[in-house]
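Protein chains: 2
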Amino acid sequence: MTARPTLADVAARAGVSASTASLAFSGSGPVSDATKERVLAAAAELGYAGPDPRARSLRRGRSGIVGVVLEERVRSAFLDPVKIRTLDGIADGIAPLGAALLLLPFIGGESEGATIEDAPVDAVVLIGCSPRVGHSLEILRRRGIPTVAIEGGPTGDDVPDISIDNRDATRRGAEHLAELGHRDVGVVTLAFDAERTSGPVDAALEARATTQVTIERLQGARDVFPEAPAVAAATSSVEDGRLAARLLLADASGRVLPAERRPTAIIAQSDLLAAGVILAAEELGLTVPGELSVVGFDGIRVDGLRHDLTTLDQPSTDKGRAAGEAVVRLLAGEPAASLAFTSTLHIGDTTAPPAR
Amino acid sequence: MTARPTLADVAARAGVSASTASLAFSGSGPVSDATKERVLAAAAELGYAGPDPRARSLRRGRSGIVGVVLEERVRSAFLDPVKIRTLDGIADGIAPLGAALLLLPFIGGESEGATIEDAPVDAVVLIGCSPRVGHSLEILRRRGIPTVAIEGGPTGDDVPDISIDNRDATRRGAEHLAELGHRDVGVVTLAFDAERTSGPVDAALEARATTQVTIERLQGARDVFPEAPAVAAATSSVEDGRLAARLLLADASGRVLPAERRPTAIIAQSDLLAAGVILAAEELGLTVPGELSVVGFDGIRVDGLRHDLTTLDQPSTDKGRAAGEAVVRLLAGEPAASLAFTSTLHIGDTTAPPAR
DNA sequence: CGAGCCGCCCGAATCGATTCGAGCGGCCGC
DNA sequence: GCGGCCGCTCGAATCGATTCGGGCGGCTCG
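Residue numbers (our numbering), protein chains in the order written: chain R, 28 to 383; chain F, 28 to 383.
You may find that some hints are simply not true.
[What the hints assert, rightly or not] The following residues of chain R were derived to be distant from chain F, with all beta-carbon distances above 12 Å:
id, residue
1, 82
2, 106
3, 108
4, 161
5, 221
6, 249
7, 250
8, 270
[Stated by the list, open to error] Examples of chain R residues toward chain F, derived with CB under 7 Å:
id, residue
9, 30
10, 84
11, 105
12, 171
For the record, the hints were derived by calculation from the structure and aren't laboratory data.
Every residue gets a Cβ at the ideal spot worked out from N, C-alpha and C, and that includes glycine.
All chains, full assembly: derive it from the sequences and hints.
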């Protein structure tokens, strides 16, 4: 009695065949009420908990699960408000499927268990801003799993990409700084490559960049400030923003640079990075926005930040929802197109005319 | 060629049997290097993407997936910082498994797809503070799925429960108010039952309560203020906190009650509710903490709240991690015990001596 | 009264991989 | 030179449910 009862056991007890028992459970086939009742009664007596989802999904070819690839440690994804909003939107978008969301860890780790190469999913959403999208796409294409990307960069015709106007939006932020009178502007960027190389951005790094978002946003800044020095942060976090900003504002020994040798404004490619930039500035005795203006990207509220950040407000939830809806369409066999949203410039209290 | 190749196709092409091909892939069995290479080559030519996870999990009896039951809409869970911290901890705790996390929607909806009764999971974590735990437990027990609860209330010996000192902690918060001189204290509670009945709490509602956390925290408040009136909120949100607080602070027409007829302090059972209480107070023209002291529970930072909330800081992440570790132990066939953490009182700027 | 039809149930194939025991050469040792 | 052992490969059973075609008995209509 240790083994869990199977449909066959139930059928035997009810005195019917396994096929009939199956029909009785799924309710679809032509089964007399009396028989169905007998099967249900037998199931109750045996403590049968319904068809095994593993067997069912093998047979049906559908598992009712949609994967979400976070392309980084699950835990750090939970700490990123943009990701959470996006997840929220995805959950909303796939609601008509009634499917559950499987959080897939980044690949390349030493994980034993479920990864993108090996998970029972009907479809997958790649949440980008990541250098690994290319590799993931290849695996999914090979497995023949319908896929939707969010900020995936160039994905090919078979994979709809939900994105925003990264370059235009950043340019609008840069123009806002230019109008205030800023001329010396620095940029703190997201990661460029899979190794998440951090530090000053040079031509070599730009050349081997694989993250579309980083590049587009940098281009937007360069559209207005072609000479702007840039520093890459390893991750989108307050701490890495702080470290990157110090490279723009202080010398090697950690002393603040003289006013003529440091930027009067910094464009950060995420709000978390911007919060780190502000933190670094204040640590160095610089006031914001008096001595340093800061522009972020995302439009989230950063926990613990005392400022109303000037930033580019992007519709994260809408992006997620659109991705979810695209998944639904793909699973229905319909085509799904790529889609681009627009961000709006929110002017807070972290930007002002430069002191000099 | 439309059909995806199977292991049998690969085996045929490599000129070996399916069993040998399987061994070649899993790498464990005794297969000569030459054969393995031939199989791998054949797989590459055919574009075989590895064993089908559905078939594999049917045969192996393991899916490499751990379910997390949020017991409410996925989207609202993402909006609750406590849940997110807990998820973060769970992801950390099950890391040695390399398993992915399946977000299971609350049950009872009209979902077509994966739910707790019907999802290919190896184990499940129930995240509680919810009235539905009892029902969920029953289903999982029936299915024979190892389960760990977080704040699940009485779960039975087979299901470890990870909890905190709800009653003691709330009592410490209440004592803090008593020491400040408060005598008239109100309580805004979480939901009591599956219907999430909101409004004034009476004996009848308490009698049919199914949510352990709500009861324990209420008891903690009553330990110090036995007569404290309580109002239940439908969900742990700022808005529902606001609505509940108005029932304690205003009359039916929405006018603020005279000082002698309203509490000088309110104990809220979550920080989000506390934020709503503060919002309600300010809307009614009451100052915090001057005319109303507010105590929360959780120790999160509430987005947009301008106060440093006095609250009971609970180790949400640690709770999640402990739950994850318990899952690992259960899956290894080892016993896992229940565990209780303790919260610490954080005194912020929302509590002060009463005005009168 | 007989043919046909309809409703209900059963058998068997199938989904795709894993795993255990058996078999088959070849090589080593006696 | 022969028996035994070892290493590799293969067959077949199995995991548990779904599904399709067929068949059987009863009812209806001609």
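Going down the list of hints, with the structure as the test:
Interface exclusion of residue 82(R) from chain F breaks down, the closest Cβ pair being 5 Å apart, not more than 12 Å. The claim that residue 106(R) lies off the interface is violated: its Cβ sits roughly 7 Å from the closest Cβ of chain F, which falls inside the 12 Å cut-off. Distance to chain F contradicts residue 108(R) as a non-interface residue, since its nearest Cβ pair spans about 9 Å, not more than 12 Å. In this structure residue 161(R) is separated from chain F by more than 12 Å, as the shortest Cβ-Cβ distance comes to about 17 Å.
Against chain F, the non-interface label of residue 221(R) holds: every CB pair exceeds 12 Å, the least being about 20 Å. Even its closest Cβ contact with chain F, about 33 Å, leaves residue 249(R) beyond 12 Å, as expected for a residue assigned away from the interface. Here residue 250(R) stays apart from chain F, with its beta-carbon at least about 33 Å from theirs, past the 12 Å limit. Distance check for residue 270(R) against chain F: the nearest CB is about 23 Å away, which clears 12 Å, and the non-interface claim stands.
The criterion of a C-beta within 7 Å of any C-beta in chain F is not met by residue 30(R), whose closest approach is roughly 10 Å, and the hint is violated. Hint on residue 84(R) holds. Least Cβ distance to chain F is approximately 5 Å, under the 7 Å limit. With a least beta-carbon distance of about 5 Å to chain F, the hint placing residue 105(R) at the interface is held under the 7 Å criterion. Checking residue 171(R) against chain F: minimum C-beta separation of about 5 Å stays under 7 Å; hint holds.
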